Structure formats: C-alpha cells, structure tokens
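Protein chains: 2
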Amino acid sequence: MKKTKINIGIIGLGTVGKGVIKILHNIKDSIKIKTGGEIIIKKIVTRSPEKKISFDFPFDTNIISNNINDILNDNEIDIVVELIGGYEPARTYILDSLKKKKHVITANKAVLAKYWDEILSSAKENNCLLYFESSVGAGIPVIKGLNEGLSSNNIKMIYGILNGTTNYILTKMLNEKMSFDDCLKLAQENGFAEADPTFDIKGIDTAHKLAILASLAYQTNIKIDDVYIEGIDNINTYDINFAYEKLNLILKLLAITKKNNNEIELRVMPIFIPKNHLLSFVNNEYNGVYIIGDSIGEIMFYGKGAGELSAGSGVVSDILYVAKNIINETDRKSQFVSDNSNKINIMNINDINSSYYLHFEVKENIDALSKIIEILSNNNVSILLCYQNENFRENLSSIPIIITTNKALEKNIKLAIEQINKLPFITKNATIIRIEDKL
Amino acid sequence: MKKTKINIGIIGLGTVGKGVIKILHNIKDSIKIKTGGEIIIKKIVTRSPEKKISFDFPFDTNIISNNINDILNDNEIDIVVELIGGYEPARTYILDSLKKKKHVITANKAVLAKYWDEILSSAKENNCLLYFESSVGAGIPVIKGLNEGLSSNNIKMIYGILNGTTNYILTKMLNEKMSFDDCLKLAQENGFAEADPTFDIKGIDTAHKLAILASLAYQTNIKIDDVYIEGIDNINTYDINFAYEKLNLILKLLAITKKNNNEIELRVMPIFIPKNHLLSFVNNEYNGVYIIGDSIGEIMFYGKGAGELSAGSGVVSDILYVAKNIINETDRKSQFVSDNSNKINIMNINDINSSYYLHFEVKENIDALSKIIEILSNNNVSILLCYQNENFRENLSSIPIIITTNKALEKNIKLAIEQINKLPFITKNATIIRIEDKL
Numbered sequence: 001m002k003k004t005k006i007n008i009g010i011i012g013l014g015t016v017g018k019g020v021i022k023i024l025h026n027i028k029d030s031i032k033i034k035t036g037g038e039i040i041i042k043k044i045v046t047r048s049p050e051k052k053i054s055f056d057f058p059f060d061t062n063i064i065s066n067n068i069n070d071i072l073n074d075n076e077i078d079i080v081v082e083l084i085g086g087y088e089p090a091r092t093y094i095l096d097s098l099k100k101k102k103h104v105i106t107a108n109k110a111v112l113a114k115y116w117d118e119i120l121s122s123a124k125e126n127n128c129l130l131y132f133e134s135s136v137g138a139g140i141p142v143i144k145g146l147n148e149g150l151s152s153n154n155i156k157m158i159y160g161i162l163n164g165t166t167n168y169i170l171t172k173m174l175n176e177k178m179s180f181d182d183c184l185k186l187a188q189e190n191g192f193a194e195a196d197p198t199f200d201i202k203g204i205d206t207a208h209k210l211a212i213l214a215s216l217a218y219q220t221n222i223k224i225d226d227v228y229i230e231g232i233d234n235i236n237t238y239d240i241n242f243a244y245e246k247l248n249l250i251l252k253l254l255a256i257t258k259k260n261n262n263e264i265e266l267r268v269m270p271i272f273i274p275k276n277h278l279l280s281f282v283n284n285e286y287n288g289v290y291i292i293g294d295s296i297g298e299i300m301f302y303g304k305g306a307g308e309l310s311a312g313s314g315v316v317s318d319i320l321y322v323a324k325n326i327i328n329e330t331d332r333k334s335q336f337v338s339d340n341s342n343k344i345n346i347m348n349i350n351d352i353n354s355s356y357y358l359h360f361e362v363k364e365n366i367d368a369l370s371k372i373i374e375i376l377s378n379n380n381v382s383i384l385l386c387y388q389n390e391n392f393r394e395n396l397s398s399i400p401i402i403i404t405t406n407k408a409l410e411k412n413i414k415l416a417i418e419q420i421n422k423l424p425f426i427t428k429n430a431t432i433i434r435i436e437d438k439l
Numbered sequence: 001m002k003k004t005k006i007n008i009g010i011i012g013l014g015t016v017g018k019g020v021i022k023i024l025h026n027i028k029d030s031i032k033i034k035t036g037g038e039i040i041i042k043k044i045v046t047r048s049p050e051k052k053i054s055f056d057f058p059f060d061t062n063i064i065s066n067n068i069n070d071i072l073n074d075n076e077i078d079i080v081v082e083l084i085g086g087y088e089p090a091r092t093y094i095l096d097s098l099k100k101k102k103h104v105i106t107a108n109k110a111v112l113a114k115y116w117d118e119i120l121s122s123a124k125e126n127n128c129l130l131y132f133e134s135s136v137g138a139g140i141p142v143i144k145g146l147n148e149g150l151s152s153n154n155i156k157m158i159y160g161i162l163n164g165t166t167n168y169i170l171t172k173m174l175n176e177k178m179s180f181d182d183c184l185k186l187a188q189e190n191g192f193a194e195a196d197p198t199f200d201i202k203g204i205d206t207a208h209k210l211a212i213l214a215s216l217a218y219q220t221n222i223k224i225d226d227v228y229i230e231g232i233d234n235i236n237t238y239d240i241n242f243a244y245e246k247l248n249l250i251l252k253l254l255a256i257t258k259k260n261n262n263e264i265e266l267r268v269m270p271i272f273i274p275k276n277h278l279l280s281f282v283n284n285e286y287n288g289v290y291i292i293g294d295s296i297g298e299i300m301f302y303g304k305g306a307g308e309l310s311a312g313s314g315v316v317s318d319i320l321y322v323a324k325n326i327i328n329e330t331d332r333k334s335q336f337v338s339d340n341s342n343k344i345n346i347m348n349i350n351d352i353n354s355s356y357y358l359h360f361e362v363k364e365n366i367d368a369l370s371k372i373i374e375i376l377s378n379n380n381v382s383i384l385l386c387y388q389n390e391n392f393r394e395n396l397s398s399i400p401i402i403i404t405t406n407k408a409l410e411k412n413i414k415l416a417i418e419q420i421n422k423l424p425f426i427t428k429n430a431t432i433i434r435i436e437d438k439l
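So the sequences go chain by chain: P and B.
Mind the numbering: the first sequence is residues 1 to 439 in the numbering used here, read in order.
Mind the numbering: the second sequence is residues 1 to 439 in the numbering used here, read in order.
A few of these clues could be false.
Think about it this way: if two alpha-carbon atoms lie no more than 30 Å apart in a straight line, the pair counts; the simulated DSSO-like pairs of lysine-lysine are [as the list claims (entries may be wrong)]:
1) P:K32 - B:K343
2) B:K177 - B:K438
3) B:K28 - P:K3
4) P:K333 - B:K42
5) B:K2 - P:K333
6) P:K407 - P:K428
7) B:K32 - P:K101
8) B:K28 - P:K343
9) P:K156 - B:K32
10) P:K428 - P:K185
11) B:K371 - B:K156
12) B:K2 - P:K100
13) B:K101 - B:K124
14) B:K223 - B:K414
15) P:K438 - P:K156
16) B:K3 - B:K18
17) B:K156 - P:K22
18) B:K3 - P:K99
19) P:K258 - B:K363
20) B:K32 - P:K124
21) B:K422 - P:K438
22) P:K343 - P:K124
23) P:K411 - P:K371
24) P:K343 - P:K156
25) P:K2 - P:K333
26) B:K343 - B:K202
27) B:K333 - P:K2
28) P:K275 - B:K275
29) P:K246 - B:K275
30) P:K343 - B:K333
Derived by calculation from the structure, the hints in this document are not laboratory data.
Predicted model only: the values in this text are computed from it and were never measured.
Extracted from the complex, chain P is given alone in its bound form (with noise of 0.2 Å):
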C-alpha cells in the first residue's frame, strides 16, 4: 500500500527553524495538492526545549525534545530537516541519519561546504535524498536551477552577492556615507547581523555558498579551504564613495568562480562592479547569483538570502519534493546531485588577473606619484587612471593617491605594493580592491 502520511524531524529550532514551522502550519491546506499526501512533524530536537517557544507554536509541544535520539531511533520518521548549522554535531546528525535510511534536508553551508563528498556518499551508500536548496541564497531556487535548469550548460562563471548581512553594510556605507564600524552596528540593530558577525564579514560564510555552487556547476568535490577568501572588515567609506562618483563602480562581496578549460578560479572579496550591472542593483539584504552558461547566456537569480521565512520557504518546498517522491515511491531510485567525481585544477591567487582599484596614503611629496608610477611598470602593471586628491585628506600630513590599472597579474600586483608600501612617503599599507569591468 501507498504511504501517504510523511513524518519529519526536525533538529534545530532557531530562525529557520521557526520560519519551516510557521509555513508548514500556513500552508497545510494545500499540501494534499502539491504532494498527494500529508506531512507531519512528528518530532523537533532542540538543545533547550524550555527556551524555545517563545512564538504562537501551532502544534503540540510534546513533540519538543532536546534528544537527538527520539529523531534517529524513529522508524516512521522519513525525513530529518537539520537546521542547527555550524560543522558538528551537524555532520553527525546527518551522517546517522542517512544511515538509519533517513531523507536529510539541511540549509547547512557549513557542513556542506566542509563535508560535501563525505555527504553525498553516505546519502548515495543509503539510498537517501538530499537537499539543501536553503544553504544558498535562502529560498531562491538557485540549487535547483544550477542543477537542474542549467544541466545543459558548461557553466563558464559566477558571480554571487551570498551574503545578505555584508550587502547590507555596504549598501549603508554607500548610501548613508557611514562608516564601517557604525554599519555594523546598525546592521545589528536591525537584525541584518549576528552578535558574532565574524563569518560575514570575514567572507566565511560566503565562501561556504561558493563551495557548494562551484561543486554543483562542475559535478566536482570544492571545500571551504579550496576558497580563497577576504572579507570586507577593512573597506573604508572613502573608497566606496570615491568609486562610485568618479569611477562608476560599486563594491560589493562578490563570490567568483571562472573556468578556463580544466582550471577554476574559486574567491570570495570586495569587488568593483560597473554601477549599471544588474548585480549593482542587488541592494540591502537581498542576495543575487548572476550566472553565464554556454548555452543560455547571462542569467540572474535575485531575492532574499535570509530570514525567517525566506530560508524556510527553500526548505519546505525540498520537504514538499522529497515527500512527493516518498509517496510516488521514487525517493530510493534516484539522487539530486549525480555525480561529483569530475577532478578540477583550482587556479592560484597569485595567478589570476585582473584589474585593480589602489588606494596609496602619502606625504606631501612632489616625487611621490612618479615613484608609485615607477615601481609599478618595473612590475608590469600598467596604469589605467590615477588621481592625486590634494582635498581629502584621512589626517593633515596624508593625501590620497587613487590608481586603477589595467588587467595585472595578482603577483605582479603584490610585488609591486610590497615594495611602494616601504616608501619613505608612505604613511599606511596600500588598500587592493579587484575591478571586474568586463562583467
């Protein structure tokens, strides 16, 4: 006979957490339609039970526990939803979970991007699905629409703005011309940052969405350390402003990953982009992963990475689909991700190339321009523009010297600011940000 009653547990009862409740109990009326059958939480692990039911639960809350075990030793739970994030004990709930036959959906980019191969085995080994549609820009279907949509396409690059809580803070720092420090700050206040921000703004958390989206456009095994990664702590107002207005570009965090025959370019940093780009326009907290394919061309994928209900929507449409193959009887005949055996040459930092954005603080010196100028052609790096902009000055015995170049080298590039950054005028360490003007 047909199962058409789906049991899920869910571990993890945090904002997304919340956010899956919530839409499940909204939406109940029309999962018969959409899935032939009905879902029910039969259990929720959470570390503190007591602390988390601060909002209207729909449900009975017998079915909080705080013992992973009341998941794992269920036999009529068919699908475990993991949404406590982080590496472990992420990976061995889903690890025991896939071996006790469970379905394991997660919007973990962590575990994922750590752990990919060791996952997709195991689901492979146990005939289990495995999606994970949230672990990227939320509830925007970009998984599914790399995967899948997309699978007739040699992917040639992308270009991700993953992070909602460092879009945000660049945004502000445009817009309202504050500062870093008081961005964050407001970023905080308005929920758009966690106490502990460090995996945003270091790029972290970025580059853990790149591993998984780079794995899934080359069907290969990318981990968070395959990554080259800076973050956007040390961006100041002066440079985003000054791009803006006399360069007509926007800084953004951008995850890149470029292929050239069988070698990928994989990092996460502060990028100029055109201002006229589509992807200047992904403002705020929102997300946008801009895609070319050799077939389909440019492509663009734009919504909220974040929040309550946006993270969970991506996770209960995976629920919605693993429970209609469930109820199909499909689920133990076929896997999301084929394959991720292809072998991939990650291209070295040093040797990608580009343009570049440089900001040098100097002396009052006559030479000074000539010298920086010098230094750089001695390393093959040709100027595009400078300015020397006498009116701003970050203290009274240091002026600005703005240049951009034309495409370099990355070494080359870090040569020739190692040695300008011991001139005798130099008063601080120069500021690279890359240009990408032929997006």
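Based on these hints, arrange chain B on the given structure of chain P.
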C-alpha cells in the same frame, strides 16, 4: 536490466530545434555524468527535410524525415521533443505521442496555454512525463522554479517581461527616441522580431506565457482566453519619454497576475513601472519574471527569453532530467505538475484598481483642462498630477494634456474617457496606460 540508452525524436528543425541539436552535441561528453546514460537522437521530423540542413549538422542526415509516424510508430523512442510551435498540428502530435506512452518535452507556449487541461490529463492518464521549461523565458528555469522551488509559497503576484521582441522595441523607443514602426523594423533587421510580429506586439505571446505561469502558480487551468490582452502597437514615443523624464516611470509590456482571496487578476498590457524597480533594468531582448510569494517575499529571474541556444538550453535540461528519470526507472511514477484542479475566479478587467496615465490631445482652449478634470472627478477618478505641454504639439492645432491619477476603478476610467473623447475640443481619442507604482 536497466535501460541506459535513451532515444529521442525531435519534431521541428527551426531555431529551437537547431539549438537543441547543437547543445546535445556540445555536451555529449558530460551526458553520462549528468544522467547515468546516453542520449541518442533517433529521428528528426521536419516539413522540408532537404531545406533544413543549412547548418553544420553533427549527426547522420538519415535520421531526418518528413513523416511524423517515423517518430510515433518507433517503439524505441522514449521521449518526443515537440518544437514546431502553434496550436495544430502540435496538439495532435503531443497527444498522439502521449498515447504511445512517450514522454513529451515541448517549448510550445501556445499549445499549452490553449490545451493545458487536455495535455496534462493525457500525460497523467498515460503515465508520461511532460516538461516545458522553455515555453516561458526560454532557458531561464522559472517553470521549475515556480513549480518546485517556490512550492512552499502561496503566490501573491507575478509580474513578467516575457517577450523579447516587444521589450527590445520599447527599450529602443526610450533610448533612441525612435517611433514604434522604426523600432519594429530595427528589431526585424536584428533578428529580434519575426516577419509577422503580430503575436508578439499584440501581447498574445506574452499572454500564452502568463496562462502557463498562472496555471502553475495557482494549481489551476488558466487558458489564453482568460487573459485580458492589450499590445504595444498603439504606444507612442512621446508618452514613453515624457513619463521617463517627468514621472520617473518606464514602460514595459507586462504580464500580471495578482491573487486576492480566491480571485485573480490576469492581464497583459503596456504598463508604467518605477524607473528604479529591478524590472526596469530588464532591457532589450531580455526577460524578467518578478514573483512575490507569501514566504519567499520578492524574487526575480532574469535572462535571455529567446534565441537558438537560450531556448535550446531549457529544452535540453528537460531532456536530461527526463532521461535521468527513465534510467532510474522513476519516470512512470511521478508527474511534474501535481494537480491543476483548483477553481479560481478571474476578475473582470473593469473591476481592477490601478493608477492611470492619460494623454489627451486638445485644440487650444482655455477650458479644456478644467472640463477634463471635471469629468474625471464626476466618475470618481482622483487626479494625482496634470501637465499641459504647450511646447509639444503633435500638429499645429493640438496640445497634449497628460494626467496621472490616484487609484481608480478601470470601469470608472473608461466611462470618463468615453465622455471626454466626445468633447468638442478633443482632437483624438485619449491614450490610457496603467501605472503600477506600488511594485
């Protein structure tokens, strides 16, 4: 024994057909990784086989014929790919293929918009898969996104720029200040409009696509006849440019559906939207689908809405997906569209509430404006702004009066305009364009 060689039959060797063949050839090395098997084009049926091999055809030309039965009666063909477009014989070919238990992939929005229920029912009855990603927005995975990625949402509204031809024309009318006729010619020269552009410029193509999106969004059966349609052939360059410069509005041919309780709006028309809305950056031949769901909030899909490879991209992704299902032996157990039995009321166009842009042409007459405003007021239409442009004359004896309104009922606007058009100083019928300012 598991089947690993999937045979497909392609009907139609026009733009999309060529794209499909090229892409299948391009990605042949990764098909195994993506599906677990092989895909073989076993037959191509086209009306005039001899004429069609004008491109570098990568397969044996023996597979091309002009007899549909070569596909229908070939028991080894698993998937039929219908790419001829139009209502008939496409409908018959699709239904006949399904009766023969062949899975169907189509890019044909017209046939789906007209025979949605018949085709879906037949697919269900015959346990066949039916996929149609390229029927809306070419390869942009909006169909899968809406039907699966956003399945956890009650869809509140969809605003779509779904036709590349008209979007190209409107973009040029604004940017180059050229007339509609000249822009249409330019579009034809550049391959963005067909020799007979009626379906595009009259909004019918957009309405076909809207019917499909709305059917999926509300799990119902919307037909092309349910959609209220106005095209862009009466739009003039003056209004586009006036609204852009003075009112910060951009004109787009939009497909709109909105849901309130169990009633939906369903209309295709040229609409002014705010200059700074993300949809305003969807220019030239590009498409954008902007969706608001009750969980996800706002989301947008963007990409090329037509063209050999972009349309081919969606079709081939569908082929890979269905092939994977056949190889996994899950193809007879599921349906892409779960249900289309929801009953929904469609709002009469006269009952919609909107803001309006009105353009009157009057003979020089000191009372004209007050008379017009009086009639609008008498019909419960409240004016937001009015502008009497004496500097611009269509001809020596005519002055334009532009009025924008606050929210008003469509039927009241029509009553008012009917009266105004009869006033003695009016030189031609008024132009009425809706404004969506609260996007």
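Status of the hints after comparison with the structure:
no.	hint	in the structure
1	P:K32 - B:K343	15 Å, holds
2	B:K177 - B:K438	27 Å, holds
3	B:K28 - P:K3	38 Å, violated
4	P:K333 - B:K42	27 Å, holds
5	B:K2 - P:K333	12 Å, holds
6	P:K407 - P:K428	25 Å, holds
7	B:K32 - P:K101	27 Å, holds
8	B:K28 - P:K343	18 Å, holds
9	P:K156 - B:K32	20 Å, holds
10	P:K428 - P:K185	26 Å, holds
11	B:K371 - B:K156	39 Å, violated
12	B:K2 - P:K100	27 Å, holds
13	B:K101 - B:K124	10 Å, holds
14	B:K223 - B:K414	26 Å, holds
15	P:K438 - P:K156	14 Å, holds
16	B:K3 - B:K18	27 Å, holds
17	B:K156 - P:K22	17 Å, holds
18	B:K3 - P:K99	28 Å, holds
19	P:K258 - B:K363	61 Å, violated
20	B:K32 - P:K124	17 Å, holds
21	B:K422 - P:K438	55 Å, violated
22	P:K343 - P:K124	19 Å, holds
23	P:K411 - P:K371	20 Å, holds
24	P:K343 - P:K156	16 Å, holds
25	P:K2 - P:K333	16 Å, holds
26	B:K343 - B:K202	28 Å, holds
27	B:K333 - P:K2	12 Å, holds
28	P:K275 - B:K275	15 Å, holds
29	P:K246 - B:K275	23 Å, holds
30	P:K343 - B:K333	34 Å, violated
In summary, the structure is inconsistent with hints 3, 11, 19, 21 and 30 from the numbered list given earlier, while agreeing with the others.
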